[in-house]
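Colleague: Below, each chain spelled out in residue letters.
Protein chains: 2
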Amino acid sequence: MAKPIIDTLAIIGFGLIGSSIARAARKSGAAKRIVACDAAAPARRTIAKLKLADEVVADPAKAAAKADLVIVATPLSAYPKLGKALGKAMKKGAILSDVGSVKRPALDGLGATLAKGVHLVPAHPIAGTENSGPESGFAELFKDRWCIVTPVRGTPKDAARIVEAFWKRIGSKTARMTPAHHDRVLAITSHVPHLIAYTIVNTASDLESTLRAEVIKYSASGFRDFTRVAASHPVMWRDVFLANKDAVLEMMGRLYEDIATMQKAIRHDEGATLERLFSKARKIRRSIVQAKQA
Amino acid sequence: MAKPIIDTLAIIGFGLIGSSIARAARKSGAAKRIVACDAAAPARRTIAKLKLADEVVADPAKAAAKADLVIVATPLSAYPKLGKALGKAMKKGAILSDVGSVKRPALDGLGATLAKGVHLVPAHPIAGTENSGPESGFAELFKDRWCIVTPVRGTPKDAARIVEAFWKRIGSKTARMTPAHHDRVLAITSHVPHLIAYTIVNTASDLESTLRAEVIKYSASGFRDFTRVAASHPVMWRDVFLANKDAVLEMMGRLYEDIATMQKAIRHDEGATLERLFSKARKIRRSIVQAKQA
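Order-wise, the sequence lines are chains A and B. Note that the numbering used here numbers the first sequence so that position 59 is 44, with each residue one more than the last. Note that the numbering used here numbers the second sequence so that position 234 is 219, with each residue one more than the last.
Honestly, I wouldn't trust all of these hints.
The list treats identical chains as interchangeable, and a pair is accepted whether it falls inside one copy or across any two copies.
To be verified - Distance condition first, Cα-Cα at most 27 Å in a straight line; then the derived DSS-like pairs of lysine-lysine: (1) Lys142 / Lys(-12); (2) Lys202 / Lys17; (3) Lys142 / Lys101; (4) Lys128 / Lys12; (5) Lys101 / Lys69; (6) Lys202 / Lys268; (7) Lys230 / Lys202; (8) Lys17 / Lys73.
These are calculated hints, taken from the structure and not from any lab test.
Next up, chain A with everything else stripped away, as it sits in the complex (with noise of 0.2 Å):
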């Protein structure tokens, strides 16, 4: 097995994410020894009945102190508490990342509190399931995967490539962004999806109850993969939506009128604005098939 990247490595908040950079960076060596922390007792008793780390602590401080990189893989809400622990507990020259969806408030929360010598590194696996908690992670989650990592002005250059050679290590492919640009890519991407999937979810469920039950018994005419993806962690996203507002309500405006559009065109049946607008979106489709992100 190659050299291990980290030699100790903490993971804070150890849930589908982090239990999959545990499992992914044991089984390819990339750290040495990994600590796990969690606020939960639950998720505690979890990692250490599956052994998925050499320790298990409850204290963010404690478990960064030691450790060479920290990757915090917490909600987004959990960042501005756990950057006044984690800044003043570890090491001169470690690293700090995490793997949350907006990059902003990686800068603004665990970056504002920073010791010197500390070096933060923002980053990003695109990759996840609708599954939550310690015990769904697995290994291969990441594998093939965009990770992209935003790294800002003043981090030393060795800490990026540290970062990415972890994450290279674990499977992922690395890109990198500013924190802004970032933060716009994933709210068209990914932020406005989700929210138009929970919200169609909700409307669904508040149909008359005979009408419900049939959308539930009929769901695999489409209606099925959007709930798929608003079966994620409610907090985690509540988080999210919070913390890239900006970018989500610019991206929200756009998509409103082109629903509009659409519903104009039904409403005065004009079938060729459908057809060339149902056209141009499988042409989208088509690219996505030929960079084998499908």
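Please arrange chain B on chain A, whose structure you already have, making use of the hints.
Modeller: Then chain B, alone, in the frame of chain A:
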């Protein structure tokens, strides 16, 4: 193998659904003889090459003349013209059915000009993939999926039972509804989700070009699931929206209100509202998993 349910089966429109019916009917022995009809010469060549039917014709009247069951599997806009041709051509006692995603056009288009003694039994199998054309069909497409049968006033009970027996033989479960109720259920479970998927894909494709390339690259984050739905046949879907205009516009109105609620909660940082709405959606997903439709 069990006794055939149909002696001669004619399938008019031999795309994904039509060709899957033929494959399944052969495999299960549901029909003794299959006549395929498609208006497009390349489709007819593919049918002949893949030996998907006993006879391949271009003229619907010719295909229907000797058939005991005629299944129309074309886009809905072909129904009025087809209805006129089939109504005169079919033999007494034969059954005319279809597979359309909206049932109103089966009554208005196919049913309007039916000769006396020919029985109309509209049906709709809830199954499909993003692919089109005779080469993309497969015999297992309908396995364990629902087929909704919508008999009309005056349909002999035996005719409806034969159609149900046919769908069961090729693997489906069957249910009955009135055509109008079917069209409302499908508006929310299928038509509105497809409309939204088409729209969101187009919104993304209208972004400035640097952002658009990244949407494709990072589509695994949620967007991809929408593009799969949006890859469906443009002409088929154009016809669906025009034919089910009232129910689709009603459901879109409800969805609009719910989107506005979500947007407002984001704009005003109402985290508790978002978390409550997301948790509610997650419950619906669990019902679908429990109903084994996931």
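Colleague: Name the hints, by number, that the structure is in violation of.
Modeller: 2
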